[in-house]
Amino acid sequence: MSEILIRGAKVLGGAVQDVLISGETVTAVGAALEAPGATVVEAAGHILLPGLVDLHTHLREPGREDSETVLTGTRAAAAGGYTAVHAMANTFPVADTAGVVEQVWRLGKESGYCDVQPVGAVTVGLEGKQLAELGAMADSAAQVRVFSDDGKCVDDAVIMRRALEYVKAFDGVVAQHAQEPRLTEGAQMNEGTVSGELGLTGWPAVAEESVIARDVLLAAHVGSRVHICHLSTAGSVEIVRWAKSKGWDVTAEVTPHHLLLTDELVRSYNPVYKVNPPLRTEADVVALREALADGTIDCVATDHAPHPHEDKDCEWAAAAMGMVGLETALSVVQHTMVDTGLLDWAGVADRMSARPAAIGRLAGHGRPVAPGEPANLVLLDPAYRGVVNPAGFASRSRNTPYEGRELPGRVVATFLRGRATVMDGKLT
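So that you can map any letter, position 41 of the sequence shown is 41 in UniProt numbering, and since no number is skipped, the others follow by simple counting.
Check each hint, because a few of them may be wrong.
In silico PhoX-like pairs for lysine-lysine, Cα to Cα no more than 25 Å straight-line [said to hold, decoys possible]:
#1 Lys-109 - Lys-426
#2 Lys-426 - Lys-10
#3 Lys-109 - Lys-10
#4 Lys-129 - Lys-168
#5 Lys-244 - Lys-168
Since the hints were made in silico from the structure, they are not lab data. Just so you know, these numbers come straight off a predicted model, no measurement behind them.
When you get a sec, could you build the whole thing from the sequences and use the hints?
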């Protein structure tokens, strides 16, 4: 059985300790550990966290392998410190049957860079008209527990109610892309001062907030779990905060880009800033950071949305919506939340590992760094400062909004069940 000794790391940003990994498990945590013959990783000044878990990743396979595959996407995930990702259902064909989710799950097993947990579609073909095979996907080898039509909203209240009722049978959760379709027809960016000045069709905050309000009420009515994808407005924060004050089973995520970027960037007309939901105002960014800090927003999810060059290198109106995010998420969270004093590293472990794993009912991830626990870990250097260069990305796509921007922090090593997927900042 191989052993790895991580020497002198700050576990969750706290006390300096050594961590011994034997096989797939953490076997000892303490000072001045000895392990003759073990591979030693010198970690002075570095932070050791549980491996990150993403609730919202687009791996694009099957169907859009020109933008990403399960292999390239999981390599990007490992490079970003992730040991598990949830793969969204908007593939071609749609992941709305046991067969498709099992295909994605098996591709994840074969890739070996991180665990891939497929997300099942709520409705057949993401068309919002008929419930997909939720039970069959839950009972499949993939054991799906998160269901979402992400990219589209389940806007029919009756369908949404039925989905919420159905997933109760296997402790599942419906993850809603909150976007009232009629209020966002032809929308190009956030509705506000900037959209008015640029003459671009706006995506109003109320189109998100009205759906969230409806769905937290529906979840409460049927006694089920609802998760809000990529929450982006101050008003949405208040609705989720109110729902949680009632004791309802509501969770929410925020993306790294909504914690940092605003709609002022759209003035450049650079399609790299085109995303759904759109970049919002500075006031929204402040509210989202505060809500993540106080726990109203449960977790950070990347909404990693790779697109090939031709889908972004075009005029704004024709460009695809979305940004890659797996390889920069931890740096953006350090920049926006840790370096600002809003979260400590234990808080980052909670919001980027423990809570998303709990929401997705993902065993073996988001666990404490403690003896007997699975050795799913990430080691990062918080003192590092570097300029983002997408040419070095592991992802097949390069559509990052951070190109040329200096961000803090670097993933030094990632361990998946005791096996290094990243070492010395490089994929193994």
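Consistency of the hints with the structure:
1. Lys-109 - Lys-426: Holds, because 21 Å separates the two Cα atoms, which is no more than 25 Å.
2. Lys-426 - Lys-10: holds (21 Å)
3. Lys-109 - Lys-10: Violated, at about 31 Å.
4. Lys-129 - Lys-168: holds (20 Å)
5. Lys-244 - Lys-168: Measuring from Cα to Cα gives roughly 19 Å; hence the hint holds.
Comparing the model with each earlier hint shows a violation of hint 3 alone; every other hint is respected.
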